[in-house]
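Colleague: Each chain, written out:
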Amino acid sequence: MKTTDIKLKTSLLGLFVATTLLSGCGNDDDDVVVAPAPPVVVMQTFTVTVTNLTANQPMSPMILAAHSAEASLWQAGEKASVAIEKMAEGGDTADIAALAVIESSVNGTGMLMPGMSETLTLTLAQADVANISLATMLVNTNDAFTGINSYHIAEMEVDRPQMMKYMAYDAGTEANSEAKGTMPGPADGGEGFHAARDDVDFVHIHPGVITMYDGLADSVLMPSHRFDNPVIAVTITRTE
Amino acid sequence: MKRSLVNASLLAAGLFSLSTQAADIEVSVTNLTHGNHFTPLLIAAHTRDSHLFHVGEMATPALQKMAEGGDIADLNTAVIGANGITSTNPAMGLLAAGASINDVMLDTGDNTHLSIVAMVLPTNDAFIGLDSWKIPTEAGTYTVYVNAYDAGTEANDEIINGGGMSGVPGIPVAPGGNGGANGTGVMDGADNMYVHTHPGVLGDTDPMGGASDLDSRIHRWLNPVAKVVVTVK
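Taken in sequence, the protein lines are chains H and A. Just so you know, the first sequence maps onto residues 1 to 240 in full-length UniProt numbering. Just so you know, the second sequence maps onto residues 1 to 233 in full-length UniProt numbering.
Just so you know, the hints here were simulated from the structure itself, not pulled from any lab data. Positions of the beta carbon are idealized from the N, C-alpha and C atoms, including for glycine. Take these hints with a grain of salt, some might be off.
Unchecked claim - Quick list of in silico lysine-lysine cross-link-like pairs, DSBU-like style, CA-CA up to 30 Å:
hint, chain 1, residue 1, chain 2, residue 2
1, H, 180, A, 227
2, A, 227, A, 134
3, H, 165, H, 79
4, H, 79, A, 227
5, A, 134, A, 233
6, A, 227, H, 165
7, H, 180, A, 233
Claimed, not checked - For each label pair, taking beta carbons as the anchor points, the in silico distance ranges come out as:
hint, chain 1, residue 1, chain 2, residue 2, range
8, H, 55, A, 48, 37 to 43 Å
9, A, 137, H, 189, 50 to 56 Å
10, H, 233, A, 26, 44 to 50 Å
11, A, 185, H, 110, 44 to 50 Å
12, A, 185, H, 175, 24 to 30 Å
13, A, 207, H, 158, 57 to 63 Å
14, H, 212, A, 26, 43 to 49 Å
15, H, 158, A, 102, 35 to 41 Å
16, A, 140, H, 99, 40 to 46 Å
Unchecked claim - Derived list of chain A stretches under chain H, where covered just means 3 residues or more per stretch with a C-beta under 8 Å from a C-beta of chain H:
hint, segment
17, 33-45
18, 91-102
19, 181-194
Please construct the entire structure, taking both the sequences and the accompanying hints into account.
Modeller: Have a look at this one:
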């Protein structure tokens, strides 16, 4: 009730000011109405360069997303969201982009091949700058993914890059069978997202792949598909 | 007025040391592995001169007890004896894969460094080890990822036989009930007797035989194996 009163008063005051301004204009001969200057929105631009450090694990097109400091895309020890599951099993980031907590996001142009780097750019209004996250699947696996989980960029200075490395997580949503038809990457060409969850159902550090050469009879993976942490190197730079 | 003068003179004389300020910290530990348990945790705040283990050096008998059988009593006694502060077994038992123990409060007193250890089960002598991490003096929340080390005190034969006493070969137990039996043993004659980064377990897919009683689909890990979050009040 009180809030409404205040709002009413404000708008009345606005009306009064507008009338005064208009009548002021009316006294002059020219008809130019000076629009109030829009508030200046200061933009900040961040580049995130990601290098795939694995031997033979192409990474699905990355998603880089901006969100509040409180949000995070996943939590080790907790169940993966369906959005994370879809990304980790099939490389599909559409559901992550559509999450309510995501303010804006950009995607990589294609697969990030081993040894390759790609730079993604986010431009944000200064008032919206808080945290960023990044996610991508290691495609020759059942549900391994990596990325940045809620990194604080709000106090970054221009041209002072932050460099770090990140490890591979297991979404815990699909058993690491490594079997034919279960992995979407070029080593298999199999299925991506599958709604049923048949693994431990909590996000954890990926235990690595076993491969057919190390005793997993049904595996279609080769020794070069093994990986160790870290799996990506990241450089975050605020450029303006 | 007088008090601030005293403080100023102490500061000028360099007598006012940050390390003498007591700090309340809150510690949480998350098991990041796919399918391994941690035995009761020892969380210890101590001075910079204390260590529960040194990589590249031989394990103490106290560390060996912890790494081979999960017994933290001797390590705890050593820390307390050096005026350290500890929390023993805050999870009140095993910490399963994916599980966390939160809000472990420590009043660190004069102690400036933090160490955390626990045995990884099922293994011969693997342990999670945070070694003498300097506790920040600035209030805030800090995340540290912890690796698994090999105590170097027992061959990694991967045979589950109940052997948890120091010097007794074998693995005490697979708490998840997912261990195998009748393994012939993983033996390659290696004998690194110093604390080192654990090479990981091998395992196999034959629960009734094979070389290992561990399951390669369940018991393998890559580092880091634990996430530690420290909140300095």
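Colleague: Are the hints correct? Go through all of them and say.
Modeller: Checked hints:
Distance hint between residue 180(H) and residue 227(A) is unfulfilled; the C-alpha atoms sit about 33 Å from each other, more than 30 Å. As the CA atoms of residue 227(A) and residue 134(A) are separated by approximately 16 Å, the hinted pair is consistent with the 30 Å bound. Between residue 165(H) and residue 79(H), the direct Cα distance comes to roughly 24 Å. Compliance with the 30 Å bound is thereby established for this hinted pair. For the suggested pair residue 79(H) and residue 227(A), the alpha carbons sit about 16 Å apart, so the restraint of at most 30 Å is met.
With a C-alpha separation of about 15 Å, the suggested pairing of residue 134(A) with residue 233(A) holds against the 30 Å cut-off. For the hint pairing residue 227(A) with residue 165(H), the CA-to-CA distance comes to about 16 Å; that is within 30 Å, so the pair holds. For the hint linking residue 180(H) to residue 233(A), the alpha-carbon distance of about 52 Å lies beyond 30 Å, and the restraint is violated. Restraint check, residue 55(H) to residue 48(A): a C-beta distance of roughly 39 Å satisfies the suggested window 37 to 43 Å.
A hinted range of 50 to 56 Å for the beta carbons of residue 137(A) and residue 189(H) is consistent with their spacing of about 54 Å. Hint check: residue 233(H) to residue 26(A), Cβ distance near 32 Å, so the stated range 44 to 50 Å is violated. Residue 185(A) and residue 110(H) have their C-beta atoms about 48 Å apart, which keeps the hinted 44 to 50 Å range intact. Remark: the range hint 24 to 30 Å for residue 185(A) to residue 175(H) is upheld by a beta-carbon distance near 28 Å.
A hinted range of 57 to 63 Å holds for the C-beta pair residue 207(A) and residue 158(H), which are about 58 Å apart. Distance hint for residue 212(H) and residue 26(A): a CB-CB separation of about 46 Å, consistent with the stated range 43 to 49 Å. Checked against the hint of 35 to 41 Å, the pair residue 158(H) and residue 102(A) passes, with Cβ atoms roughly 38 Å apart. At about 27 Å, the CB distance of residue 140(A) to residue 99(H) disagrees with the hint of 40 to 46 Å.
Counting residues of the segment 33-45 of chain A whose beta carbon lies closer than 8 Å to any beta carbon of chain H gives 3, which reaches the threshold of three, so the coverage claim holds. Beta-carbon proximity to chain H at under 8 Å applies to 4 residues in the segment 91-102 of chain A; the threshold of 3 is reached and the given coverage holds. Residue count for the segment 181-194 of chain A with a Cβ under 8 Å from a Cβ of chain H: 0. That is fewer than the three needed, and the coverage hint is violated.
Figure legend: structure checked against the earlier numbered hints; hints not met, in rising order: 1, 7, 10, 16, 19.
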